[in-house]
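Student: Sequence:
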Amino acid sequence: MKSTVSSDVRPLRVVAIGGGTGLSTLLRGLKRFVAVPDRRRTPREHDPAMQESSIIADLSAVVTVTDDGGSSGRLREDLNILPPGDIRNCMVALSEDEHLLSRLFSYRFDQGELEGHSFGNLFVAAMSGITGDFAQAVRLSSQILATRGKIFPATTENVTLAARMDDGSMVEGETNITKSKRTIVELTLQPTGADPLPETLEAIANADLITLGPGSLYTSLITNLLVRGIPEAIAASKATRVFICNLMTQANESLGLPASEHIAKTLQYAGGKRIFDYAVINTAPISPAILAQYAREGQEPLVNDLEKVRALGVEPIPGNFLHEGDVLRHDYDRVAQILLSICLTSTGSMPVR
1 MKSTVSSDVR PLRVVAIGGG TGLSTLLRGL KRFVAVPDRR RTPREHDPAM
51 QESSIIADLS AVVTVTDDGG SSGRLREDLN ILPPGDIRNC MVALSEDEHL
101 LSRLFSYRFD QGELEGHSFG NLFVAAMSGI TGDFAQAVRL SSQILATRGK
151 IFPATTENVT LAARMDDGSM VEGETNITKS KRTIVELTLQ PTGADPLPET
201 LEAIANADLI TLGPGSLYTS LITNLLVRGI PEAIAASKAT RVFICNLMTQ
251 ANESLGLPAS EHIAKTLQYA GGKRIFDYAV INTAPISPAI LAQYAREGQE
301 PLVNDLEKVR ALGVEPIPGN FLHEGDVLRH DYDRVAQILL SICLTSTGSM
351 PVR
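Heads up: the sequence shown at position 298 corresponds to 298 in the working numbering, and the numbers run straight through without jumps.
Calculated cross-link-like contacts (lysine-lysine; reagent style DSBU-like; alpha-carbon spacing at most 35 Å):
{"#": "1", "residue 1": "Lys181", "residue 2": "Lys308"}
{"#": "2", "residue 1": "Lys179", "residue 2": "Lys308"}
{"#": "3", "residue 1": "Lys238", "residue 2": "Lys308"}
{"#": "4", "residue 1": "Lys238", "residue 2": "Lys265"}
Hints are computed from structural coordinates only; laboratory data are not their basis. A quick note: this is a predicted structure, and the numbers were derived from the prediction, not measured.
Use the sequences and the hints to build the structure in full.
Tutor: Structure representation (structure tokens):
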């Protein structure tokens with residue numbers, strides 16, 4: 001897949017917001033289009049990524065920090081730091097060399113006191129201890145991995161997710177919320193009023209393209225909109241703003257919700273503000289084998305009610321965005337291509353090919 005952009009078009013500034021595997025998957029696609037400041041330091045002429053036109057001048061990821069399970073949860077509890085897991089995945093996805101260094105950061109110990117911890121999580125935790133500043137630790141870790149983008153935690157405050165369920169009960173903590181069999185009615189951050197990094201608001205204000213998704217509706221996407229100032233900044237931005245719909249519903253977060261309801265719920269947590277111009281929605285059929293696999297987990301394909309999406313003031317962009325392997329994922333090359341095409345077309349520039 002080749003991409004072209006005329007020399008008189010200013011490269012784009014892109015902000016991708018989310019968490020979990022959805023955000024890191026998207027970043028792998030967008031990374032291929034990022035300008036490399038000095039190609040002489042990595043002269044790999046046969047690397048397809050090095051041959052892409054520099055359509056993106058600046059790529060920023062805004063990552064949720066409410067994970068309290070697994071290695072991240074243990075480090076959060078033991079060291080009183082923000083959970084590094086989702087951020088580590090984004091660093092690996094954006095790394096210049098996704099082979100040795102990324103394998104190192106993804107390596108997970110399987111015995112002893114370190115069992116369950118990934119090296120990347122421990123590295124970020126160590127950098128946080130050295131610097132005394134989690135955001136600075138992320139910046140320095142990203143430099144070591146030579147990432148093709150900046151990574152910002154949605155907030156640097158130690159926040160916890162809380163959810164009111166359909167039976168009136170309150171559930172605290174992302175892991176407990178995910179495990180619950182009840183349906184989420186309302187999501188909040190504790191304490192309320194968490195602030196974002198100033199760099200995050202600056203990136204959103206200067207962006208040409210802002211994306212939200214894919215990812216778990218409440219615990220990867222909406223949680224970012226609970227940080228004070230972020231939805232307001234997206235609403236005020238002149239960027240092309242795109243919601244990337246999930247491929248499947250999730251048992252207690254979005255079971256039975258069609259594409260339009262995913263968007264409507266998100267808009268609700270943005271205070272009803274207009275924060276999306278487009279929605280990328282997969283309309284390609286999923287194989288019966290994959291459907292059966294996900295049905296066992298209580299998941300089903302997202303219903304694509306395109307007219308109802310359009311009624312929300314959001315223009316649907318349907319297409320085949322599937323990648324079927326051991327698990328179902330978005331095809332990050334196709335998604336990145338369509339995102340950049342939407343943005344370049346809406347700004348009057350030539351599309352990505």
